[in-house]
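Asker: Construct the complete structure from the given sequences, taking the supplied hints into account.
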Amino acid sequence: MDPSDETLVLGCRRGDAAAWETLVHRYQRLVYTVPRRGGLDEELASEVFQSVFAKLVEQIERIEQPSRISAWLVTTARRETWRVGRRERASRVVTPHDDADDSGGPLAAVADPDPLPDEVLQRIEAQHHVRTGLAALDARCRTLLTLLFYEEDPLPYAEVAARLDMPEGSIGPTRARCLKKLRRLLADLFPP
Amino acid sequence: MCVMTRHPSEARLLDLADERLAPEERERTATHVAGCLRCRTELDALRRLLETMRTDRSEDAPPAAVAAAIRLFRPRIEEERPSTLQRLIAVLRFDSRQQPLALGMRAGQAAGRHLLYSAGEHDLDIRLTQRAGLWTAAGQVLGPAGAGEVELEGATAVVRGAITELGEFTLPPVPPGTYTLRLRLAAVELEAADLEIGDT
Chain A
1 MDPSDETLVL GCRRGDAAAW ETLVHRYQRL VYTVPRRGGL DEELASEVFQ SVFAKLVEQI
61 ERIEQPSRIS AWLVTTARRE TWRVGRRERA SRVVTPHDDA DDSGGPLAAV ADPDPLPDEV
121 LQRIEAQHHV RTGLAALDAR CRTLLTLLFY EEDPLPYAEV AARLDMPEGS IGPTRARCLK
181 KLRRLLADLF PP
Chain B
1 MCVMTRHPSE ARLLDLADER LAPEERERTA THVAGCLRCR TELDALRRLL ETMRTDRSED
61 APPAAVAAAI RLFRPRIEEE RPSTLQRLIA VLRFDSRQQP LALGMRAGQA AGRHLLYSAG
121 EHDLDIRLTQ RAGLWTAAGQ VLGPAGAGEV ELEGATAVVR GAITELGEFT LPPVPPGTYT
181 LRLRLAAVEL EAADLEIGDT
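If you read the protein sequences in the order shown, they are chains A and B.
Note that my numbering has the first sequence beginning at 1, numbered continuously upward.
Note that my numbering has the second sequence beginning at 1, numbered continuously upward.
These aren't lab readings, by the way, just hints derived from the structure by calculation.
Even for Gly, the Cβ is constructed at its ideal location relative to N, Cα and C.
Take every hint as true, because none was put in to throw you off.
Label pairs and their computed distance ranges (CB to CB):
1. B:27 / A:135: 32 to 40 Å
2. A:143 / B:62: 19 to 27 Å
3. A:138 / B:149: 54 to 62 Å
4. A:91 / B:94: 52 to 60 Å
Mimicking SDA-like on lysine to any residue, the simulated pairs with C-alpha atoms at most 20 Å apart in a straight line are:
5. A:180 / B:54
6. A:180 / A:129
7. A:180 / B:50
8. A:181 / B:44
9. A:55 / B:67
10. A:55 / B:71
11. A:180 / B:17
12. A:181 / B:17
Answerer: In structure tokens form, the structure reads like this:
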């Protein structure tokens, strides 16, 4: 079983660099996805990514609920996304433009819509949870569920069966068994 | 309402959520579910899970960003543990006591001594002077580092002093003996060991 978030945070407080590294790997995808879904390009998303982890290093002693670190990271990433996005919009307005028909206009900086409403963030966090559960499954189930549910263009059963060297008729029942395992794992890892 | 038909199996509910039932079977199952809270709750949970997976467009952070985030932790550890400071051994480059004697002076009678050390990017200039049997070490460290502290440790005495922004220091007098001189600067510690002071 992988160490819990709480174990890792306590390890970081003792100066354990390996605990920090595990924590970064565990959450890199979540922290990077927030600014990307918030509409930032790769460069700005990397900036947000760095500043979120820099804040985590800074505040690791003060985080009150180490077990709720994923919520802390999502909230911090959202705030940083908003800050960087606003700065970028402001700098675009200030930049002298050669012609008058710029699309945003000075109001673009004022409007400042939240690019990451609660339901989007909740979904990102739920997706992170399911991926965490998936990573803890056995390899065969993990591969099957990935092929069936994570491909942008879903593969026909025949194709999945060929790739996994399985009879096509057992794909349906196997996926049902794997999903059941996954749900049990998720209930353990992230109790409601 | 569950009285009407038997509960569909888990596999059947999953097939419904996954839209894999033939039209007729789908209708029969859907009719049951519409009137059965337990099956509806289960179907909703399955649909949510499948939807969560299918809509996942999360992205891995670029490897360089991950590596940089991992490095964020290191400076903090080094600050807290001075033992990981870079420690350099100073190498003796010049000692006036070992130079040919000038004008018939005898080595033992010399009241002053001049030593030059080098350590990495730093040079260390030390002058020892004697008064009433006690020796005073003063000097200057030349190089990138600024202020810090200096310590001269021997078998019978340890003295300490400050290093100014210009790298200058003067230590309190010590009796003759073999000493180790340590200079603690911002990022580096210099050490000159086996420094013989006086007639040893």
